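Visitor: Top to bottom, those sequences are chains A, B and C. For the first sequence, full-length UniProt numbering gives the first residue as 1, with consecutive numbering after it. For the second sequence, full-length UniProt numbering gives the first residue as 1, with consecutive numbering after it. For the third sequence, full-length UniProt numbering gives the first residue as 1, with consecutive numbering after it.
Calculated directly from the structure, the hints in this document are not laboratory data. Treat the hints with care, as some may be off.
To be verified - With beta-carbon atoms standing in for the labels, derived distance ranges:
#1 35/B x 296/C: 51 to 57 Å
#2 208/A x 172/C: 54 to 60 Å
#3 283/B x 32/A: 22 to 28 Å
#4 71/B x 305/C: 43 to 49 Å
#5 93/C x 171/A: 29 to 35 Å
#6 60/A x 75/C: 56 to 62 Å
#7 8/C x 191/B: 37 to 43 Å
#8 8/C x 190/B: 40 to 46 Å
As the list claims (entries may be wrong) - Chain C is nowhere near these chain B residues, computed Cβ spacing over 10 Å in every case:
#9 123
#10 142
#11 201
#12 320
Since this is a predicted model, take the numbers as computed values, not measurements. Just so it is clear, CB atoms sit at the ideal spot from N, CA and C, and this is done for glycine as well.
Now for the letters of each chain:
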Amino acid sequence: MPDTTSIEKATGTAPVKVGAPLPAPAKGRSLWADAWHDLRRNPLFVISAALILFLVVLALFPSLFTDVNPRDGDPANHYLGRPELTHWFRPDWFGYDGQGRSIWARVVHGTRASILVGFGVTLLVTLVGGLTGLLAGYFGGWLDSVLSRITDIFFGVPFLLGALVVLNAVTDRTPVVVMGALAFLGWTQMARVMRGSVLTTKQADYVTAARALGAGTWRIMLRHILPNAVAPVLVVATIALGSYISAEATLSYLGVGLQDPTVSWGIDISTASNQVRNAPHVLFFPAGMLSLCVLAFMMMGDAVRDALDPKLR
Amino acid sequence: MTTVPLLEVRDLQVEFHTRDGVAKAVNGVSYTVEAGQTLAVLGESGSGKSVTAQAVMGILDMPPGRITGGQILYRGQDLLTMSEEQRRKIRGDRIAMIFQDALSSLNPVLSVGYQLAEMFRVHRGMSRRQARARAIELMDRVRIPGARERVNDYPHQFSGGMRQRIMIAMALALEPDLIIADEPTTALDVTVQAQVMDLLAELQREYRMGLILITHDLGVVADVADTIAVMYAGRIVERADVHQLYRRPAHPYTKGLLDSVPRLDHKGGELYAIKGLPPSLTSLPGGCAFSPRCAAATDLCRSQTPAVVPVAPGRVAACHHWKETLDAPAA
Amino acid sequence: MGRYVARRLLQMIPVFIGTTFLVFCMIYVLPGDPVRSLWGDKVPDPAQLAAIRAQLGLDQPLWQQYLDYMGGLLTGDLGTTTVGRPVADEMGRAFPVTIRLAVIAFLFSSVAGITLGVLGGMRRGKYVDTGILIFTMLVISMPVFVLGYVMRHVFATELGWVTPTVQNSEEIGQLLLPGVVLGMLSLAYVARLTRTTVAENLRADFMRTARAKGLPRRRIVRVHLLRNSMIPVVTFLGTDLGALMGGAIVTEGIFNVHGVGRLVYDALVRRESAVVVGTVTVLVLIYLAANLLVDLLYAVLDPRIRYA
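Chain A on its own, in the form it takes in the complex (with noise of 0.2 Å):
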């Protein structure tokens, strides 16, 4: 360095910033590792993972908690029949139903059903709604003029009232029925956090110099947008399977699910909304492990939300 020790030269030219960034973390983790991290070590993750874990079990190999036929009723001997609630699995664990059905046998076989519509308008909705969000966020203009034209069409019908008028006219409503109603009402929400998503996405540096080094269309489309414009959606899907699986039961209560043979926690809330008085276990124990469940993918949504925004640690 030279040797003057003159202030006014030292300083006359464009002054010199020192500070270095803070120090760097510990390890330099990826915002996924970095959720992981953070969602192995939340209480809220840790439960809802295995209540999930549990209702997935539950939902693929109902035998394995009983051998009792839920469609089997025995009115004659078990009307009504209370809960015994100290006889672990066995089928009057929860009690009987009107139709002398074991309520946990019920339960136990309702699950698939729910977890099914669940996954399954959770998997369509996230990919006719991402497509749709991806395309119009990315290439804006006129398509995605038209595309956010469509969702706010989409989005203008009122979701419980559009699914009840769908239904209603299938006389033939199986779970694909169903989840295909909920799909068809329910993709514009994925759609619009998945295009607000990509708008942010594509303003960063890293897109600008993707491009600037000739990355072709799809390319920065397919590999530096969608895997970081995908965190939101995760979050939103994960809510939204809750949620879903809130609404087929609520179809299925106006009447307008899930039928028989299904068996549902839906159905079997709807007739037992008229035994209440005498016998609330009938309600009880359905309604409990549907909102067992939808609590389970609440808690879930929230805990990765925490792990993936860092802006509220």
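Given chain A, work out where chains B and C should sit, using these hints.
Guide: Using the frame of chain A, we list chains B and C on its own:
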């Protein structure tokens, strides 16, 4: 010393409880500011310069922050033992603060006139009308063109330099004794930086206020400061009169900072840079915190924390080898 | 401002047409013949069937039917039911009931939700906050019909504070419990949203400035914190008003309220398509109007939004 200094910070200690442990953000900082004087606090991000200022203002977030020791004397009275109500009356009125980013530091949904007038209404009990008139005066005072027309505008409608003038006006509103300016020009364009800094210095002279200027910009310091305190890892490593410090630094870190300023008379030469990164405040190295980055570090430096010792009248440094540094010929 | 409103109104038109046409299609394209169902299990006379179809305009192509319908709507004619009663009359009876119900739900969810949210947001991580989070989570997880039965059981059957079903929908007291049930879900969302924005704004730089200005705590909270935190909450509440009316169907069923939800439900069972279309069309209009209101409110509350 018969007169009581305007502000005296004595052995201040501040800790933060973070997810990675306890961070010792401020570790025994002492300094004094007299009326009409400017103290520049120089240091990298995370050196504790802003935390010290926030402790003086009483706006430290507690938790996670915690003041674990020391005194902050305003005209001889310890602010840390005052009631919150007493402190509140001093805040903004006697001691005011200017923040770095005026856009985020001003409330986006309230007009600048409202935010300026608020000072008069809360501290002076003025009516809306009176306070508004004073707000316009203030905006004139910091030379915002068309103050009367712009008093109802919102922060986002002003340019960066104008917004920072509004921040200055707000701090100046009640003619405080002391202003703490935390990186007041860092967020501004280079051309605007000088204007804002000049305005601040001019107003300081006019009102004979004490000024604590927090910065990591050596250029700003040289022009306006009387005294400089250099902070590193929560401690003051050197405090001296500005001319003395620039001429003969007594701490290797100060020397490193000065050497890293590009100079016209040394065009084409390689720029000096202090190697390494500042230490993590949750796990400070033993001994002198600067030793891992110091070229002149010895075993003594690595084992023993150097005390802050007087090296000349009104001048202190925290280095075992301050004599060698002071006497070394400029590089 | 006037131009902004005009532009937003113009933008709403294609969405209104699109949404109502979509609803129209959903109702008329899907299987199920309303005229045929008038005969129940009996075999209808084909000539009579065709005559009624022609009379109702059901023999026209769908777009023609839609245009006729919209034309009627502009003159206030919503058509007649299959037994000849004006749809407008039926809706005129049902809507005031649901509006009353929705207003109760709206007031309940906004007042209680914002209060809980502010409490939680300002004491983030404390017991109050955790309690509020758990409460809202439970409310969100519990489907409305479960919640409705639970609350009816507790407040009507066990405590006897209210009648289990609504006898007279003119009486606000009887609508209180259904209103609360209807507003519960919104309450949970409002509380969570408020909590988040309050907690976020608490950390904002301008809050630090407000403290540095030496403002009293009450003023900091009321003027600087709440004013800023309410912007997203108000917009949520606005869009929610429309959703409350459309979502009343389950609540109305549980408490035997003869409102819009009940009207649509019965109409669907009886295949009274004109009633369904009319009701949903009006709901879409309410939803769009609420959205416009929210947009305007947003611009008033947040000066950073320009009337562009």
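Visitor: State for each hint whether it applies.
Guide: Going through the hints against the structure:
At roughly 52 Å, the beta-carbon separation of residue 35/B and residue 296/C lies within the given 51 to 57 Å, and the hint holds. Separated by about 59 Å at the C-beta atoms, residue 208/A and residue 172/C satisfy the suggested range of 54 to 60 Å. Separation of residue 283/B from residue 32/A is about 27 Å and conforms to the stated range, judged on CB atoms against 22 to 28 Å. Our hint of 43 to 49 Å for residue 71/B and residue 305/C holds, since their Cβ atoms are close to 48 Å apart.
The hint said 29 to 35 Å for the Cβ distance between residue 93/C and residue 171/A, and at roughly 31 Å that hint holds. Distance hint check: the CB atoms of residue 60/A and residue 75/C are about 58 Å apart, consistent with the given range 56 to 62 Å. Distance hint check for residue 8/C and residue 191/B: the Cβ-Cβ separation is about 41 Å, which falls inside the suggested range of 37 to 43 Å. For residue 8/C and residue 190/B, the hinted distance range of 40 to 46 Å is satisfied, since their beta carbons lie about 43 Å from each other.
The Cβ of residue 123/B sits about 6 Å from the closest Cβ of chain C, inside the 10 Å cut-off, so the non-interface label is violated. With a cut of 10 Å on Cβ distances, residue 142/B stays outside the contact zone with chain C, its closest approach being about 16 Å. Every Cβ of chain C is farther than 10 Å from the Cβ of residue 201/B; the closest lies at roughly 21 Å, confirming the non-interface assignment. No beta-carbon of chain C comes within 10 Å of the beta-carbon of residue 320/B; the shortest separation is about 38 Å.
Comparing the model with each earlier hint shows a violation of hint 9 alone; every other hint is respected.
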